[in-house]
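Fit chain B to the supplied structure of chain A, relying on the hints for placement.
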Amino acid sequence: MDLARLHHMANQIARNFAVQGDEAAIVATLDHLKLFWDPRMKAAILAGDRSGLEPIAQAAVERVAGIQK
Amino acid sequence: MGYERQADFGTPEVLSETSVTLTIDGAAVTVPSGTSVMRAAALAGRKIPSLCASDCLQAFGSCRLCLVEIDGQRGAPASCTTPAAEGMSVHTATERVQKLRRGVMELYLSDHPADCSACAQGDCEIAEQAKHAGIETSRYTIGSTSPEVPQDCSNPYFDFDPAKCIVCSRCVRACDEVQGTFALTIEGRGFKSKVSAGQADDSFLSSECVSCGACVQACPTGALQEKAVAEIGMPDRAVVTTCAYCGVGCTFRAELKGDQVVRMVPWKDGKANHGHSCVKGRFAWGYANHKDRITQPMVRESIDQPWREVGWDEAFAFTAQRLLSIKAKHGAGALGGITSSRCTNEETFLVQKLVRAGFGTNNVDTCARVCHSPTGYGLKTTFGTSAGTQDFDSVMQADVILVIGANPTDAHPVFASRMKRRLKQGAQLIVIDPRRIDLVRMPHVEAAYHLPLQPGTNVAVLTAMAHVIVIEGLADEAFIRERCDWDEYSDWAAYVSDPRHSPEVLEPVTRVPAADLRAAARLFANAGNGAIYYGLGVTEHSQGSSTVMAIANLAMATGNIGRAGVGVNPLRGQNNVQGACDMGSFPHELSGYRHVSDDAARALFEADWGVVLDPEPGLRIPNMLDAALDGSFRALYVQGEDILQSDPNTHHVAAGLKAMELVIVHDLFLNETADYAHVFLPGSTFLEKDGTFTNAERRIQLVAKVIEPANGLEDWQVTQGLARAIGLDWNYTHPREIMAEVARLTPSFAGVSFERLAEEGSLQWPVTANAPHGTPVMHMDGFVRGKGKFVVTDYVPTDEKTGPRYPLLLTTGRILSQYNVGAQTRRTENVVWHEEDLLEMHPADADLRGLKSGDWTRLASRTGETTLRLTVTDRVAPGVVYTTFHHPATQANVVTTEYSDWATNCPEYKVTAVQVLPSNGPTEWQESYASWSQKSRRITVEPVE
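First to last, the protein sequences are chains A and B.
Counting along the first sequence from 1, when you hit position 11 you're at 1425 in our numbering, and nothing is skipped either side.
Counting along the second sequence from 1, when you hit position 592 you're at 700 in our numbering, and nothing is skipped either side.
If you are wondering where the hints come from, they were derived from the structure by calculation, not from laboratory data.
Take these hints with a grain of salt, some might be off.
[To be verified] Facing chain B, according to a computed beta carbon distance under 10 Å, are these residues of chain A, among others:
no. : residue
1   : Arg1429
2   : Phe1450
3   : Leu1460
4   : Gly1466
None of the values given here were measured: they were computed from a predicted structure.
Every residue, glycine too, gets a C-beta built ideally from N, C-alpha and C.
Chain A with its partners taken away, still in its complex shape (with noise of 0.2 Å):
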């Protein structure tokens, strides 16, 4: 998966959430990522360089691979 791509929807995801405030926007990105993306998305983002990726979609996205170790 193109990973330029993925950190541009996961920072999309994140900005619409950024108003509720950080820790209530990881909490919705989270969700967002589990209930919408294709697993093999969720791996391209977690494998790849997550240097892209704005810190509430970044934190979204470590709180992911916790969950998925």
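Frame of chain A; chain B shown alone:
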């Protein structure tokens, strides 16, 4: 059924809480107060003769045939204009009135051609009424004073023969009252008076006539008659079915002579359309017999080879072998499917079942991905269910109608006619749209406010409206406290109240004058009944889901949910978008919108289907294409959708399709996607299948097989053939069995069956034990999710930015005569109204570039470029250009980007930064695509096994 005209009661039904009882020729009948004597007589089984009356039209009192005698009243009043009264005693067939009628009929016959073909065919009420009156000839000289007026054969579907016209005005009134276009008038006086379309020099084609067919249906004499009736003859049988174009879901009588469809006539008992139609549903069904139609399955090893015609068995075996091979080598996740919003609920259900239970993956998506997926997300989040809240009739009780991002007169014309009727009665209109759509100002309709926002700023505009409503104390606090989560409302109210969300502060972003926005917000909040209607101008944005939720917030804040006349109403683009979504077409949801991770829901399906289902969501369409490029997605079954033409960034779609090992296209025609396919499974039209469609008001309606499928199989049978070939033991014998399965697995469809649908005519889901007759208006006593949820929707600007290279914003849409990618309508006479896609540009932008209407222009974005001709118009604001996407030669989606809605990946078709410059010919891509497409469509004809 055999053939007989639809029943007509002479004047419209009257709804009244009181009633009157009268006698008609001695028989007592009780009718609602205000009912005409004519209708009362018809209800009593005493049909009174008439020529100018119809229950689709207000009484006119012109023809003087419907005269009756009433005890205690002088003269012989017209029964159509005389209200029934308590104790009235009416006589419909006295010697006196019969003599009067004979005299009147003689006058009509004197001005009616003796050789009237409609009379001969039995399609002329003059002949019927003359026979009823007992006369065959007139004492007056026939036609002596009637001037010779040539026929108007300009319309591709119907002719107007003034010689047969009796100037009863039914056509003029139908155009005014039913359609609301006011294109027709009576020109001249006395014997020189005649029906005229538009101005003196206009023909029907050049006039403002929208070819809805209401005039043809209203005409009593055959003066206005379908060309098909003249060519084929009068029908001898009729079958009621449902239209396969837009989400209004009009029901029609398909009228046939033998096995040949003669005409489609809107069914007066249809609950979505009430006997009205548009140019597409009424006339544009000829694609079913178009020479381009493919009726033989075809296969090929690679996409650079010509197609090879095969039999069904070989096609299924060829496909199954490759599907199973790919699955064995790359896993179930390498396979997927796309369901069609044009196909029936039953066909859609089977495709998603094939993917989940047969392929073993949740990689199933639907064309709703690119239109109303944000509606599903937004309304489920706020209200608890993924559907509009009202029935169409609700609009007749609205006081203020807010139309945002929708163009109903073009895209949902039959509903638009009803909306216009309500507006003519005095309801007020607010239009939020970058373009000045027709509803903003048209005969007898004018919007109170048109807010011409900058494309991409829907959320900012709605937040500013909410700001005004909250700050000015216009919110319906009692409703919110009772029906919604108060804490969530408080958070939302605090957010929208912030001064940075005021119309004045946001004006530089939205470009909507703050004073107009404030006034519009006040008007809506004080509406009484405020109803919101929206379309793809809301959903096809990077904040499509946010906008849907902002609309829901606005409706809840003003208490406009849970009763007739209000609500949140998505106008669905295709005939069965609602149904396709209901049937579990999304990769994360089973039918009835239950998430695949819901163990209890999954267990229900697993027990019924005898398989284990994947609890993880599958790929959406754009993700499938991305995954194809990285090699993890290799086989796609596409039923009834042309993703190459309809999805954004055509180059990316083409690359994704080209990367796949197996593309199976199941369609009527070799569409653009089929250029990249290995298997073509011919589809059946809506005229050739049984099933159900669900329209935008959640109304489930029967689709009836009118003629046998030209390809030999209905689409559900094709999917079943494929399923059996990969080893599934499916044995459905009729779509009713599939609906029975849907009903037992889907709570909101629990009470739906073909038998119940036949009994009730239609049912609006949820149909449950508590609502056995369906649910016209939702959330009456509480939201499906419990408390209504206010969601703070922050305005996040799109990443698509204008700049020096691409200074204009392109937005796309569709027009009345064409339907989506045009696969159907381009193969009908509708092309006379739209031969090509045109680019609309404001005069200021055109002047700057030295462009004028008719010029070829090059439309370029960062993803691609195409050429098309220009129309200069102030319908669009400076800085905004607009085009349609109906023609593959243009392929507007070469230009659109992959930016999409943050929650659903619905493409952002409505905002693309572009440049427009003069051009002298097609782009390199257009030329190479045309060449490739021609090569890809070669067919090698070999003997069929």
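Comparing the hints with the structure gives:
no. : hint    : verdict
1   : Arg1429 : holds, 5 Å
2   : Phe1450 : holds, 6 Å
3   : Leu1460 : violated, 14 Å
4   : Gly1466 : violated, 14 Å
When held up to the earlier numbered hints, the structure conflicts with 3, 4 and fits the remainder.
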